[in-house]
Structure formats: C-alpha cells, structure tokens
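Asker: Each chain, letter by letter, is given below.
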Amino acid sequence: LAKTTQPISMDSYEGQEVNITCSHNNIATNDYITWYQQFPSQGPRFIIQGYKTKVTNEVASLFIPADRKSSTLSLPRVSLSDTAVYYCLVGDMTVTGANNLFFGTGTRLTVIP
Amino acid sequence: DTGVSQDPRHKITKRGQNVTFRCDPISEHNRLYWYRQTLGQGPEFLTYFQNEAQLEKSRLLSDRFSAERPKGSFSTLEIQRTEQGDSAMYLCASSPVGTPRDTQYFGPGTRLTVL
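Protein chains in written order, with our numbering: chain A, 103 to 215; chain B, 8 to 122.
The hints are simulated quantities; they were obtained by calculation from the structure and are not laboratory data. Glycine is no exception: its CB is placed at the ideal position from the N, C-alpha and C atoms. Keep in mind that a hint or two might mislead.
Stated by the list, open to error - If we take Cβ atoms under 7 angstroms as the criterion, some of the chain A residues that face chain B in the derived model are:
id	residue
1	144
2	145
3	205
Claimed, not checked - Quick list of in silico lysine-lysine cross-link-like pairs, DSBU-like style, CA-CA up to 35 angstroms:
id	chain 1	residue 1	chain 2	residue 2
4	B	64	B	78
5	B	64	A	105
6	B	64	A	171
7	B	21	B	64
8	A	154	B	64
9	A	105	B	18
Said to hold, decoys possible - Which chain A residues stay away from chain B? Per the calculated CB distances, all over 12 angstroms, these:
id	residue
10	113
11	114
12	117
13	121
14	136
15	143
16	147
17	151
18	167
19	178
20	182
21	185
22	204
All chains should be built: construct the whole structure from the sequences, respecting the hints.
Answerer: Pasting the structure below:
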C-alpha cells in the first residue's frame, strides 16, 4: 500500500533551487520522513531525514509543516550532477524491520544546462 | 572504501540456472536488507536480517529465493532455477542498531540478466 505521492518528473535549470513535494496524508505519529537519491546503475543514497519543522544538512533541506501531511525536499542551486531519481519514504521509527518500507517510483529530476 | 559492497556487479545467466550474489555490509552494521529493483520502479523489499537472524521476508521472495547471513557479517542471496522475470537489479543495504530503519546505506547493486 503506497503511503506517499510525489511528482513523477521535474525539470530545472542549473543554478536554480528545486523543491520536490511529497504528500503523505496518512502519516502516523511514529513515522519519520526520509528522502533518498538514486543515480542510474547505483543504489539509493540517503539524503535527509526529519520528523517535523525543518532539517538542513550539507546537501539539502527538508521542510515539514505542522500537520506533517506533506514534506518538501529543497535542493539549493542544483547542478547537472543532481540529475537523479528522488524517493520520499515514510516509515515507523519504532520498527526495526523493513517489510513495509515502500520506495514508490520516485521523482525523476532532470537538470538542464 | 568502507561502504556496502556487492559482488558481482553484473551477472548474465541462462534461464534455469542458479545464481548467488554476495553482500558485504558496513562492518559495524548489524541490520542487513535485500531489495529488488526493476526498470523505472523503486526498490522493493525482499528480506531483512538482524545479525544472523532472518527476521522478515516479503511475499516477493518465492521459494526459489533463499538468503543467508551465517555469521552476522556478509550475506548471500541465491536464486534457483532462474526465470526471465528475475532480471532486475538486486540491492543490498545495511544500517546500525539505534537508527531509524529508514536510514539505510545501499551498495551498488548486482544487475542480473536472465536470457
């Protein structure tokens, strides 16, 4: 059962800020929001994770409104090397297994020169 | 390089043959996951180990598939009597105890082609 909805694809010019929004209307109290990035022929790479408000690291920022029913991954000043598929995941932070960890089809970001 | 490694990176086999893939997780990580990814789709969970114990298996893991992690370190995934539908990227990931389960570190994957 899919728990998240995100755009299938996005295009952006180099140097622009890119915001990818993910909807998770049925998010539960114990759920974290996690974003992964995947380049062709590579495994996904963990980008950022948050529970509420705003999280920032050296790669991206994650904005989570108070109702937590959506989240926005923000990539500042993208470059061609940011062309990849971005996955939004919602998962129970108290569960150690992975049986219902669902990646979906992700958002394919294409950065244009 | 202390990341997750997988071997081989590519495997071409004929239908009906058996194949085995290996995953070496990050050394201090005791959780290990296997996923399958087909073209245009996200990774799909197959199975999960904590140390040497296989704690979860997806219904995608038919009885032709078996995974082991005998000493709680490396893991193997074997597919018996391969079918063309098994063609996919097989990904391994690991994570340490104490982090949310979504914080997984993936290897580069093994791409399987069944002819």
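Asker: Does each hint fit the structure? Answer for all of them.
Answerer: Right, here's what the structure says about each hint:
1. Here the hint on residue 144 of chain A is kept, as its CB sits about 6 angstroms from the closest CB of chain B, short of 7 angstroms.
2. The beta carbon of residue 145 of chain A comes within 3 angstroms of a beta carbon in chain B, closer than 7 angstroms, and the hint placing it at the interface holds.
3. Contact between residue 205 of chain A and chain B, as hinted, is supported at the beta carbon level, the nearest pair being about 3 angstroms apart and thus within 7 angstroms.
4. Proposed proximity of residue 64 of chain B and residue 78 of chain B is supported: the alpha carbons are some 19 angstroms apart, at most 35 angstroms.
5. About 20 angstroms separates the Cα atoms of residue 64 of chain B and residue 105 of chain A, which keeps this hinted pair within 35 angstroms; it holds.
6. For the hint pairing residue 64 of chain B with residue 171 of chain A, the CA-to-CA distance comes to about 29 angstroms; that is within 35 angstroms, so the pair holds.
7. Between the alpha carbons of residue 21 of chain B and residue 64 of chain B the distance comes to roughly 26 angstroms, so the proposed pair stays at or under 35 angstroms and holds.
8. At roughly 31 angstroms between alpha-carbon atoms, residue 154 of chain A and residue 64 of chain B fall within 35 angstroms of each other, so this suggested pair holds.
9. A threshold of 35 angstroms between alpha carbons decides the hint, and for residue 105 of chain A with residue 18 of chain B the separation of about 33 angstroms falls inside it, so the pair holds.
10. Listed as a non-interface residue, residue 113 of chain A keeps its Cβ farther than 12 angstroms from every Cβ of chain B; the least gap is roughly 18 angstroms.
11. For residue 114 of chain A, the requirement that its beta carbon stay farther than 12 angstroms from each beta carbon of chain B is met, with the minimum near 21 angstroms.
12. Every CB of chain B is more than 12 angstroms from the CB of residue 117 of chain A (nearest about 28 angstroms), matching its label as outside the interface.
13. The beta carbon of residue 121 of chain A sits about 20 angstroms from the closest Cβ of chain B, which is more than 12 angstroms, so the claim that it is off the interface holds.
14. Not every CB of chain B is more than 12 angstroms from the CB of residue 136 of chain A (nearest about 4 angstroms), against its label as outside the interface.
15. The Cβ of residue 143 of chain A does not lie farther than 12 angstroms from every Cβ of chain B; its closest approach is about 7 angstroms, which violates its non-interface assignment.
16. Look at residue 147 of chain A: its CB is around 7 angstroms from the nearest CB on chain B, not clear of 12 angstroms, so calling it non-interface is violated.
17. The Cβ of residue 151 of chain A sits about 6 angstroms from the closest Cβ of chain B, inside the 12 angstroms cut-off, so the non-interface label is violated.
18. Distance check on residue 167 of chain A: its Cβ is at least 20 angstroms (rounded) from any Cβ of chain B, clearing the 12 angstroms threshold; non-interface status holds.
19. Once the 12 angstroms rule is applied to beta carbons, residue 178 of chain A is consistent with being away from chain B; the minimum gap is 22 angstroms.
20. Every CB of chain B lies more than 12 angstroms from the CB of residue 182 of chain A, the least distance being 21 angstroms, so the non-interface label holds.
21. No Cβ of chain B comes within 12 angstroms of the Cβ of residue 185 of chain A; the nearest lies about 16 angstroms off, and the non-interface call holds.
22. Distance check for residue 204 of chain A against chain B: the nearest CB is about 8 angstroms away, which does not clear 12 angstroms, and the non-interface claim fails.
In summary, the numbered hints that this structure violates are 14, 15, 16, 17 and 22.
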